[in-house]
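This is what each chain is made of:
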Amino acid sequence: MLVVLGLLGWYNLAYAEQIAPSLLKGLAVTVGLVLIVIPIGFAAGLLVGWSRTSRRWIARAVASTYVEFFRGMPPIVLIFFSWLIATRVLQFYFRVDDPFAIAFTFGVLALGFHSAGYQAEIVRAGILSVPTGQLEAADALGLTPRQRMFHVILPQAFRISLPALSNEFASVIKDTSLISQISAFELTLVGITLVNNATRIDLNLVFIVWAQVALLYLLLTVVATRILRGVENLFKVPGLEAAQP
Amino acid sequence: MSGRVPIPGSRRITRDLRRALRFVLAGLREHWRSVVGFAGLMMFLTALLFFLGSIGIVRLDVMERQWGSFGDPAFLSLLLSTSAYGCGFLVAIPLGWLRATGSRYFHRGRRIGVAVPAGGRKGLAAFAYGGVTGFVEVLRGTPIFVQAFIWFYLMIAVAPRLWQVFTIAGFLTLFVNTSAYQSEVFRAGIQSVGQGQVDAARALGMKPRQIFLSVTLAQSLRLVVLPLTNEWIALFKASSVLGYIAVPELYSRALDIGARFPIEGFVMVGLVYLAIIVPISRVITYVERKRRIPGLGTPIDIRRTRRTARPSTAG
Amino acid sequence: MVRVQGVHKAFGDLEVPRGVDLEISEAEVLCLIGPSGGGKSTLLRCVNLLVRPDRGEVYLGDVRITDPAIRPEWVRQQIGMVFQSFNLITHLTALKNVMLGLRKVKKVPPSEARARAVHELERVGLRDKLNAYPAQLSGGQQQRVAIARALAMDPKVMLFDEPTSALDPEYIREVLDVMTALAKEGMTMLVVTHEMGFAKNVADAVAFMDEGQILEIGTPEEMFDRPKHERIRGFVGKILG
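Chains as they are written, first to last, in numbering that gives the first Met the number 0: chain A, 0 to 244; chain B, 0 to 314; chain C, 0 to 240.
A portion of the hints provided could be inaccurate.
Said to hold, decoys possible - List of simulated lysine-lysine pairs, PhoX-like, C-alpha gap at most 20 Å:
1. C:Lys199 x C:Lys183
2. C:Lys106 x C:Lys155
3. A:Lys235 x C:Lys95
4. C:Lys106 x C:Lys95
5. C:Lys155 x C:Lys183
6. C:Lys128 x A:Lys235
The hints are simulated quantities; they were obtained by calculation from the structure and are not laboratory data.
Work out the full structure, taking the sequences as your base and the hints as a guide.
And the structure:
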């Protein structure tokens with residue numbers, strides 16, 4: 000399949016070379032964004048997902064609300080909205096300087112929390128899929144609930160959730176394109192800028208730009224998935240694959 | 000058991016309606032807590048809104064005036080999403096089938112649960128498989144945002160004077176994108192049908208097409224429903240980016256109103272999205288739990304999956 | 000050693016066990032038999048507080064363990080349990096599984112825990128499977144690891160919940176052998192089982208439980224050859240006949 004992709008971008012090599020550096024810079028920014036958003040999402044998602052399985056009603060309710068809220072809206076709305084809050088409200092009321100950095104941070108946070116909504120569900124499913132028999136055994140040995148959570152539930156939940164989590168990470172990579180709208184110079188915004196310039200020269204160049212952008216995103220996604228598949232292998236328990244029904 | 004009492008003399012439609020109503024009411028009664036919770040949340044949000052309004056951050060008068068203008072764009076969003084979804088659905092089934100079967104030529108020895116007609120179409124099939132796979136990988140590996148721009152410029156280059164050219168570009172974005180995702184769902188569904196059942200059908204003497212329709216498709220239907228419903232929701236949310244390519248849909252209202260009243264605009268748009276999506280996903284969760292479709296396991300909402308939910312993964 | 004008094008537990012509408020009294024002396028082996036759903040597993044779980052009885056008391060030695068002031072973890076340190084579905088922790092090797100209780104609950108230092116774990120695994124005959132993962136072991140082997148895991152805690156009492164019911168016939172023997180050896184060494188055991196042969200040969204007492212109540216309790220000879228209740232006769236006949 001990668002063969003198919005390689006065909007793109009051969010149209011006008013000179014131009015492609017010209018725009019390459021800016022594209023790569025954009026790619027770097029995107030990668031940076033991804034590396035920030037994913038941990039935020041994971042941390043929050045872990046917390047919320049665990050709360051969803053809590054015995055306490057209030058924890059469950061709050062967590063469920065969180066999940067519904069952050070998954071009930073398109074990420075762009077969240078990103079933009081938090082950016083607005085940051086620029087208008089904070090600037091207005093707190094006279095913070097360098098509004099750009101603050102606004103940008105808020106946008107990233109928004110995306111992180113949005114992703115956390117999905118990761119929470121994944122985490123929750125992982126937790127629920129640990130066979131209850133093992134929980135009983137852990138109890139029977141005398142493990143406290145906290146010990147049980149750490150040593151029995153979480154390792155297995157994590158291992159089981161890895162495929163779903165890698166999907167989610169791919170989604171995050173793609174959603175970072177939206178941060179272009181709050182003026183972060185990641186890959187998509189670079190693309191847009193280049194395109195605006197290109198239209199003045201020759202409309203067809205536009206497609207080269209987009210082809211390159213698409214190629215880079217694809218590369219990013221494929222690499223990320225490969226890495227995660229490697230992680231999956233790391234956590235594999237020998238013999239378990241064959242034993243699973 | 001919910002009412003299976005035959006109602007003699009009524010017309011069929013009334014009976015079905017009544018059954019549907021009873022189903023809904025039973026659901027409400029059973030889940031009164033979540034309904035109350037939802038109402039409570041709405042009240043809380045409204046209270047919050049009024050509070051913010053009173054201290055001047057949010058201007059409620061503006062919001063009141065603008066509510067009316069939400070009807071058409073929201074409708075357009077829903078229309079676009081649903082029609083693209085529907086078309087994508089139709090296209091995705093053959094695509095998914097192709098991906099499921101063609102892989103035999105690509106990855107030898109892998110077991111698939113579909114009866115492929117014997118006979119060497121190796122060259123063509125491999126090519127088709129490669130093409131479809133490349134297509135699907137590209138569409139799922141790139142952001143919708145970028146895809147929207149591509150279609151936008153494509154349409155401009157090809158037919159700039161077309162009526163509603165941007166909306167068509169938007170439709171194409173959604174359509175092509177969802178075809179790719181849905182084809183993956185179908186592929187996984189088709190491949191999950193055990194080889195044993197197909198063998199049994201072949202032993203009975205059924206023709207390949209018959210096998211596909213009655214055995215494979217029918218079985219995969221159950222596994223496929225959950226990811227597909229999530230896909231619709233995802234598509235609806237994705238339609239928001241179309242606002243950036245001049246499609247007058249829901250999100251663009253936020254941008255329009257947002258030019259002058261940014262916070263109010265986005266709050267309203269957010270609320271509209273919530274109001275549409277949350278009830279729908281709750282209904283989906285409820286129906287899925289009630290029907291307890293075996294094989295779907297725990298209700299994981301796997302967002303636009305790369306590898307679609309394999310039923311055995313969790314629980 | 001273990002005394003159960005008037006224990007009730009209800010799950011929704013279902014109330015089993017219902018007003019059960021039972022007493023097990025030290026080094027005694029008591030087998031609990033009876034049809035499924037009779038409440039045997041629940042009763043077992045009341046002893047190590049995996050299930051808290053709604054009514055009634057349970058005593059371990061002189062301690063009233065149903066006292067809410069007592070930490071369940073402390074109780075479970077004294078009581079070992081073996082489950083029908085083995086319940087080994089799948090991402091831990093056999094050795095780690097056995098060490099788990101020692102390390103986490105009893106806070107034994109690693110080297111000591113390891114030595115003890117190896118000893119227990121040898122005791123159940125699995126010295127060559129120390130680093131195997133549960134999924135790589137047969138059912139019989141897994142169950143023996145489970146027994147080793149429970150034994151490593153030096154329990155005063157061992158509970159067995161249908162330990163052989165999930166095993167292929169060829170593996171039942173090895174597990175029963177371990178349990179028999181354990182009984183001979185003087186362990187206090189409460190065993191829920193359908194293996195009548197074991198009950199007959201190894202048990203000091205057999206109790207029949209159905210619909211939440213203990214219908215009769217006596218020596219194996221009394222129960223199998225001259226049961227007082229009709230139902231027991233029918234049940235035993237079906238299993239043995």
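Here is how each hint holds up against the structure:
As the CA atoms of C:Lys199 and C:Lys183 are separated by approximately 14 Å, the hinted pair is consistent with the 20 Å bound. Simply put, C:Lys106 and C:Lys155 have alpha-carbon atoms about 19 Å apart, close enough for the 20 Å limit, and the pair holds. Of the supplied pair hints, the one linking A:Lys235 and C:Lys95 holds, its CA atoms being roughly 16 Å apart against a limit of 20 Å. Taken as a hint, the C:Lys106 and C:Lys95 pair is honoured in the structure, with Cα atoms around 14 Å apart against an allowance of 20 Å.
A threshold of 20 Å between alpha carbons decides the hint, and for C:Lys155 with C:Lys183 the separation of about 15 Å falls inside it, so the pair holds. Only pairs whose Cα atoms come within 20 Å are accepted, and C:Lys128 paired with A:Lys235 is accepted, the gap being roughly 19 Å.
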